[in-house]
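Asks: Protein sequences appear in the order of chains P and G. Throughout, the working numbering is defined as the position within the first sequence, counted from one, plus 6. Throughout, the working numbering is defined as the position within the second sequence, counted from one, plus 161.
Stretches of chain G that chain P covers, calculated by requiring three or more beta carbons in the stretch to come under 8 Å of a beta carbon on chain P:
(1) 205–218
(2) 308–319
(3) 427–434
Please keep in mind that the hints were generated in silico from the structure rather than gathered at the bench. It should be emphasised that the depicted structure is a prediction, and the values quoted were computed from it without experimental measurement. Backbone N, C-alpha and C fix where the C-beta goes; we use that ideal spot for every residue, glycine too.
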Amino acid sequence: MRTRSIASTGLGFQLFRHAMLGLGAVLMLAPFVIMVSVSLKPSGEIFSPEFTLLPKQWHAWQNYSDAFTKQPLARYILNGFIVTGAIFLCQLLTALPCAYALAKLRWRGRETMFLLVLLGLLIPPQVTAIPLYILLWQVGLLDTYAAIILPSTISVFGIFLMRQFFLTVPDDLVNAARLDGLGEFAIVWRIMMPTAMPAVIAFGVLSLVWNWNEFFWPLIVVQSEHLATPPLGVVYFANAEAGTNYGPLMAAATAITAPLVIAFLAAQRWFIDGVTMTAVK
Amino acid sequence: MSDLALSSPLTLPITRKARAGEVAEQLAAWVLAGPAFALIWIMLLGPTVAVFLLSFTDWTFGMPEIGWAGLDNYREMIGDEVFWKTLRNTLTYVAFVVPLSVFLGLAAAILIEAGEGLRGFYRAAFFLPVVSTLLAMALVFQFAFHPTVGAINQTLSLFGIPTTDWLKNPDTALFALGVIGIWQAIGLSMVLFIAGLKAIPKDLYEAAAVDGADGAFERFRRVTWPMLGPAMLFVVTITAIRAFQVFDTVQVLTDGGPNKATNVLLFQMYQEGFSFLRSAYAAALTVVFLGFVLLVTVIQVRLQDKNTHYG
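Modelling step: build the complete structure from the supplied sequences, incorporating the hints.
Replies: What follows is the structure in structure tokens.
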């Protein structure tokens with residue numbers, strides 16, 4: 007009775023549901039399929055008028071080895087891990103203590119601090135680009151890892167998200183830890199962080215995705231090829247190949263997309279919940 | 162009397178300790194929040210103030226001196242045809258991408274939640290574009306938009322629909338980029354709508370059924386749609402702000418062309434600021450960009466306030 011009143015479970019409706027969603031899923035996944043498919047083919051087949059999913063003549067090894075040897079693709083991917091790892095570590099080190107102070111401590115300046123966080127949430131990252139570029143130029147840090155990492159060391163979104171989570175942690179837990187002789191700093195890392203693990207993981211994956219895919223800022227501050235992050239690397243690749251050599255290009259695109267897609271599929275549940283959590287203010 | 166005598170030596174040290182604790186708490190809070198406080202000013206709020214001030218100067222990158230220029234940059238902007246074209250392009254892009262990605266995301270969310278089968282698969286399939294590297298996928302779309310071997314034209318000509326070189330045709334280039342934007346935005350709006358749907362109390366549907374609202378459409382019109390109001394507002398805001406930020410696809414696929422047909426605000430800012438090194442003028446463009454994003458947020462907050470009177 008109850009389920010019937012909530013969802014239309016009629017066979018006709020379910021067929022309609024699967025037909026529409028199936029078509030949608032095909033359209034959403036098609037670019038991925040095309041990408042992988044092209045990365046397996048020789049150029050003759052890529053430009054043949056009829057499209058086949060699998061190659062008649064496998065060219066996967068040549069395309070992928072071209073992708074990794076014509077350009078330092080492995081280096082780009084390594085850079086991606088270095089940059090995203092360093093950024094997330096910095097964000098965690100600054101956001102968690104601040105979120106704890108906002109959620110669990112009484113101090114003068116708390117309202118002001120929270121207001122600053124909310125203000126920060128309103129500012130898109132591209133707005134600060136010109137002044138930060140000038141700043142990095144003056145301290146001589148342009149074209150370094152630091153230039154890519156520094157502006158992202160603070161995540162107001164992370165502070166906001168972790169504060170919301172910490173508010174739900176009972177005060178008794180914090181007080182008990184204090185009675186056990188733990189200092190405030192130890193409480194943050196040994197009590198609050200383990201309790202907030204789901205939120206930390208969600209924040210971590212979001213941070214990874216954003217910073218792995220970030221193109222605007224690295225494009226501005228990086229000139230040296232050996233510092234390129236994955237999206238920059240793909241562009242260097244496309245420019246070097248002049249847009250004609252699609253096989254190796256798609257192989258490079260696949261290699262750069264793969265780490266994130268694998269991470270997403272592995273952490274899908276947390277990830278989608280994490281994104282949802284951000285919507286529930 | 163004896164009670165008082167007993168209690169005072171006990172309570173006194175405690176209150177004293179509490180006071181000491183208060184100071185310690187203040188201190189601890191500042192130590193814990195201090196780094197974040199400093200970084201928010203250095204990396205976010207300070208630069209935002211700086212960009213605003215810079216927009217009133219005549220500074221070009223690398224010059225030794227800064228001169229006050231008042232509203233000159235804004236005046237130049239208003240007199241510049243390219244700026245107006247850029248603005249029109251940006252608004253057209255937002256007006257194209259936002260309604261479609263919100264509507265398709267909502268449709269996907271409702272259909273996915275209306276049954277059990279393959280729920281996880283559909284969610285993952287629609288969400289995958291959100292986590293993929295837009296830049297790599299932009300190159301895939303470039304291939305798909307290819308005039309002769311591209312999948313899009315091949316499919317269209319199958320149905321006898323006229324084809325064109327979508328990214329090179331000034332009439333279609335902006336919309337071709339919009340299609341990529343929609344493809345990437347649907348997943349996020351779907352996930353947010355799923356969260357909104359889950360928050361609707363189930364007994365509302367039962368109440369509606371008692372009132373005789375039996376059909377799927379009636380249930381949607383009388384319960385789902387009104388209850389989704391806040392989620393809808395949030396999704397539209399997020400999608401609009403992200404659409405205003407379109408840059409990657411423009412930079413890589415069209416370079417603002419053909420004939421400035423895909424020149425959008427952020428791309429214009431990037432070119433002026435980092436190719437032509439006209440920092441002050443680029444700062445003024447940034448202020449306009451920030452103005453639009455804040456406007457969208459203010460509208461959302463206003464409507465949200467209005468909505469809560471009914472909710």
